[in-house]
Structure formats: C-alpha cells, structure tokens
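Full structure from sequences and hints, please.
Those letters in the sequence shown? Residues 1 to 265, per the UniProt record's numbering, in order.
Please note: incorrect hints may appear among the correct ones.
With a straight-line cut-off of 20 Å between C-alpha atoms, the simulated EDC-like cross-links for lysine to aspartate or glutamate are [claimed, not checked]:
#, residue 1, residue 2
1, Lys214, Glu184
2, Lys80, Asp61
3, Lys105, Asp94
4, Lys207, Asp6
5, Lys255, Asp170
6, Lys179, Asp244
7, Lys105, Asp82
8, Lys179, Asp89
9, Lys80, Glu62
10, Lys105, Asp119
11, Lys80, Asp94
12, Lys120, Asp170
13, Lys238, Asp6
14, Lys207, Asp170
15, Lys105, Asp87
16, Lys179, Asp127
Source of the hints: derived by calculation from the structure; they are not laboratory data.
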Amino acid sequence: MSSAMDVMTHSSSFLLPTEETPGKRYALVVLNQNLPRFTPLLWEHAKLRLCADGGANRIYDELPLFFPHEDASSIRHRYKPDVIKGDMDSIRPDVLDFYLTLGTKVIDESHDQDTTDLDKCIVYIRDSASNQETSRILATGALGGRFDHEAGNLNVLYRYPDTRIVLLSDDCLIQLLPKTHLHEIHIHSSLEGPHCGLIPIGTPSAKTTTSGLKWDLSNTEMRFGGLISTSNLVNEEKITVESDSDLLWTISIKKTGLPVENNTP
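Here it is in structure tokens:
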C-alpha cells in the first residue's frame, strides 16, 4: 500500500442505535422507494432531513407502519421533513398540503429536467449552512425499483466525489471510494456483511489492491467485460482498498441486529 496517500476511513456506525458521536453527523435524503426498516433511527439522528419529491409520500404512508401502537397522525407530525425538493411530479397533493401546513420548506425545481431528484437534494445540502454540521449524506430508497433510477443515483456518487454519500436499501449500502485516497473500511459485523463487492463503473482499474477480504486483490485489473469483484466476503474487521480508479464499495446489511423501530420522540 502507498504510504504517500492520505487515508480516508469509512464506518457504518450510523446504523448503531447508540449515543450520537461526531462521526455520525449526517443529512438524510428519502427517495421514492420502500423505506428501510432502520429509517426511524436514521431520521432521529440526522441534522437535516430532506424528501426528494415522492419520498414525502413514503414518509407519510410508511413511517406510521413502524409504530403500529401509536396514532398515525402523531407519527406524521413527529417525522416532519425539513425540506421537500424535486420536480414535483410524484408527490401527492394531499401530502404536499400536509407538510406545507407543518412548515416544511418546499422547493419546486420542475424547470430542471437534466438532473435527478437526488442530485437536486445533494446540491441543496452542499449549499446549505447546515452542511457545516454534517460529515456525510445518507440516501434511503436509492436502490431497487427501476434500473435507470438506480443508475442515475450511482451517477450522483461520481458527480460529487468530494462529498461522502451513502446509498442505502434494506439489503445493502453503496458508496464511492475515490482513487485519491487509501481507504480503511471498519466493519460492524453485527450489522453488515459478510457479502461485499468492489466495482469499477465508467473507468477500468489497472491496479487495485485490498486487504481483509476472503479474495484479496493484488495490483489486480478490473473492468466490465473482465474481472469485477462481486460476491466477495469480509474476512477481517478492517478492510483496506487502494486503486488507480474510483470504485464502488458495496456491502450487505443484515436483517438481524438492526433496530426495527425507535420510539424516542
């Protein structure tokens, strides 16, 4: 591994239901797919909460289902997004009116059809004063559903390589590992793994070297049409990755070990 490269560390500690630490400061973006079961936990610890257009429907419809013994109306009032932003082609009028009444800021960018709703939310967070309080952006509902939507969300990772963005679903997370750094990924084995992958999208990797995986890479070439590291397995609690190309890191999220709900108001 190169000793000259700066080290970038990664951890999924935001999935831990523990007291907040500085490394857990983040903004949360909810997209228009099924809410992961850990959404209430992420919501309660987020410094800024945005819904991308139809993501507001998901918060309105699905969050009360996490709290079957509580009144749905009280849940909807408790989990109020700070901002709803997008081209407004998916949000229902009743949902929009509800959150407007609660004071949610609504930003209609229907004039911009060249960027995705996630892209619009990332720009807002980057330009926001609250960005000084966040160390990363988590996006739920970024995976699953239409593949062109997924591809657009993956493209956002490459559009903002200097911003830490994690795409989340019920099953896995995906983030970009920029080629500018040596990466240390700290594994919480009670929450994630063991299945993982390193995938070069857009640009082949002539040389990628890892440690801590069952099938480590040693100056290995990866490209579409050739070798890519899918269905690999985490072998140690710390994974290191160094590459001459930006790579996508993905790891599975376990069905057990994560809180289904957090009843803290």
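Has the given pair, lysine 80 with aspartate 61, been kept, meaning a C-alpha gap of at most 20 Å? holds (13 Å)
Given the hint that lysine 214 pairs with glutamate 184, test it: the Cα-Cα distance must not exceed 20 Å. OK: lysine 214 and glutamate 184 at ~16 Å, within 20 Å.
Take the C-alpha atoms of lysine 179 and aspartate 244, compute the straight-line distance between them, and say whether it is at most 20 Å. holds (5 Å)
Under the criterion that the straight-line Cα-Cα distance not exceed 20 Å, is the pair lysine 105, aspartate 82 satisfied? holds (6 Å)
Taken at face value, is the distance from the CA of aspartate 6 to the CA of lysine 207 at most 20 Å? Holds: lysine 207 and aspartate 6 sit about 18 Å apart, inside 20 Å.
Pair hint outcome, lysine 80 versus glutamate 62 [Cα-Cα no greater than 20 Å]: Holds, at roughly 13 Å.
Assess, step by step, whether the Cα of lysine 105 is no farther than 20 Å from the Cα of aspartate 119, and give holds or violated. Measuring from Cα to Cα gives roughly 17 Å; hence the hint holds.
Holds or violated: lysine 179 and aspartate 89, Cα atoms, limit 20 Å. violated (36 Å)
Are the Cα atoms of lysine 238 and aspartate 6 separated by 20 Å or less? Satisfied, since the Cα-Cα distance of roughly 17 Å is no more than 20 Å.
With the threshold set at 20 Å, check whether the alpha-carbon distance from lysine 105 to aspartate 94 stays at or below it. Since the Cα atoms of lysine 105 and aspartate 94 sit roughly 16 Å apart, the hinted pair holds (cutoff 20 Å).
For the pair supplied as a hint, lysine 255 and aspartate 170, confirm whether the alpha-carbon distance does not exceed 20 Å. Within the cut-off at roughly 8 Å; holds.
Hint check: lysine 80 vs aspartate 94, CA-CA at most 20 Å. Holds or violated? holds (15 Å)
Checked against the numbered hints given earlier, this structure breaks hints 8, 12, 14 and 16; the rest are met.
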